[in-house]
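Below, each chain spelled out in residue letters.
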Amino acid sequence: MSTHAASATAVLPAAAPAASNANKALGIGLVGIALTGLGLLVPGNASAVAVAWLVGIVFWTSIAIGMLMLIMIHHLTDAGWSVALRRQFEHGLSGFKWLLILFLPLLLASWFGAGDIVWPWGNVNHVLHAGETVGQDPLYQHKSPVLNIHTFSVISVLLFAFWIWISARLRKASFAQDIDGEIKWTQMNYVTSASGIALTALTLTAAAFCWIMSLEYHWASTIYGMWFFSDCIRGALSVGVLVQLWLYARGDFKGILNTKHLHSTGMWVHAFTAFWAYVAVSQYILIWTSNIPEETFWYNIRELNHDGSINQWWYVGLALVYCHFLVPFLLLLSYKNKIVPRRIAPMAFWIFSTVLLDLVYNIVPVLKDAHGNAQPFVSFTLVWITTSVMGVGGVVAWSYLKSFGATKLIPIRDPRIVECLTHHE
Amino acid sequence: MDAQPYGLIATFDTAAGVYHAAKNVRDAGYKHWDCITPFPVHGLDCAMGVKRSLVPAFALAGGVGGFVAAMGLAFFTGAIDYKLIVGGKPFFSPIPVLPVAVELGILCASVGAVVGMCVLCGFPKLYHPVLKSDRIVSALDDKFLIVIEARDPKFNLANTRALLEKIGGLDVKELEA
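Those sequence lines, one after another, are chains A and B. Following this note's numbering, the numbering of the first sequence begins with 1 at its first residue and continues without gaps. Following this note's numbering, the numbering of the second sequence begins with 1001 at its first residue and continues without gaps.
Hint data in this document are derived by calculation from the structure and do not stem from the laboratory. Predicted, not measured: the structure shown is a model, and the values here were computed from it. Don't take every hint at face value.
What the hints assert, rightly or not - Keeping only pairs whose Cα atoms sit at most 30 Å apart, straight-line, the calculated DSBU-like set for lysine-lysine is:
| # | chain 1 | residue 1 | chain 2 | residue 2 |
| --- | --- | --- | --- | --- |
| 1 | B | Lys1031 | A | Lys260 |
| 2 | A | Lys260 | B | Lys1051 |
| 3 | B | Lys1051 | A | Lys254 |
Claimed, not checked - To be clear about the criterion: a stretch of chain A counts as covered by chain B if any three or more of its residues have a C-beta under 8 Å from a C-beta of chain B, and this derived list gives those stretches:
| # | segment |
| --- | --- |
| 4 | 68 to 76 |
| 5 | 293 to 303 |
Virtual Cβ for every residue (Gly too), placed ideally from N, Cα, C.
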């Protein structure tokens, strides 16, 4: 690793062909999808597989949304240091169209299969704990203008359509500038980002509300979008760190990546570790303090069974406090831990994994046993979650690698590329 | 001038000149010396061999101290010194204290950072021998200075002067203490 700007090379390498890696990733993705599909053959397992598939989709979508937000923050702050990293995020955005296609089975299953296969409100005859059905529930009736499969499908498709559209704009401007070096592309990105960042904030909040929060539609938390945003950014940043180190190890980023880049990305990872904790604790503390059953039940599901005994989700919740916040927060205080690849790489992977754990904690307890308790964390569902994450991840990685091979490694004609290559404290 | 001088001062015309000179002074093994530049020169800290600042340690100590102090106060007053049942809640729980403890931690961390910076820089410092030199004015504008202090164990009036002249220092002069 070069230690300072003086060692940044003036030679601008072209992206190495990545076709073989792309095909491998697609292979892994298809195997994952096929294995998840096998889960449907187990009788009575459809809901578990569908919820696991939702985890896989939401996990990779959150990473893509995080990349989208980071790109727009980069443009709006006119950042110089992150130009090289931004290109990798732009490749990551290519996954949105595939994520939409992979999301469609959930909608199709809700339309043509059991309406409540994932979201309980999808079937008005779904029986709630008290014995009444969703259709008889006044709270559902109040929320039914949004929580019906028609509106829900339109919203979901529109969300993806927006992300695909804005990604296409950002990617087009960036890639076109590689060729002609016109400043108008940078200006176009300012405009796209200035309006896009607010719209993306709204759309990611809508996604968190519709896809995740509505799983327990009796419950509402206004900070939920912020919570989802923090996981989006943390996922994207950890992938960003790993991609940078992977490209450095492969040789592509030799002479481009220096210690200060890793320090800067490390500080982002650290800051959003604190941000996640701030938001997650805010949500918890408000509900804990006011202590009203309409809100506490959401956490109670994740702590206790109806007979008062502690269930496995209690430990998952504690694991999130320590593994998703405290341990990475304390470790990332250190400068060395941010810049030594062998230290930051496992930490980035750790956060990548705990983002998934956080989503599992928020999504999977929707699966209930016969007594209305959340199904245990350690169950066969974990297998389907693993295959789903593998399946969706493989497809997204394939899309990333295809895009990676089609353009320059870094935005060579970006007005701030020199600032990036000579980034220094 | 009877007394031992404060050190030797040399002028450089360009940022690149002072950058390469700094590397040479560093490699010659000097410890008590400094560069004075009109603007931040990127990479100069590395060329000088300056270690990372200790300010984060002060900030960490302040942050941990503030957090522990708030938690400790709530625990001592609530659970030990003056037990009071309020709304059937536990005498002490870390959850409601958390915002206060985090805020106090942040406050003390930032105070720690400022205090640490002042301590490490030796503030308040009302006088520095370099201010006596008329060259300090041009070093605020377009010149670059290197000052090697006499208290450095490697300091030797003749040898140090030779070193500064060899690495391109102009107008090497003794600096009055």
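Going down the list of hints, with the structure as the test:
no. : hint                   : result
1   : Lys1031(B) / Lys260(A) : holds (25 Å)
2   : Lys260(A) / Lys1051(B) : holds (15 Å)
3   : Lys1051(B) / Lys254(A) : holds (25 Å)
4   : 68 to 76               : violated (count 0)
5   : 293 to 303             : violated (count 0)
Consistency with the previously given hints fails for numbers 4, 5, ordered from lowest to highest.
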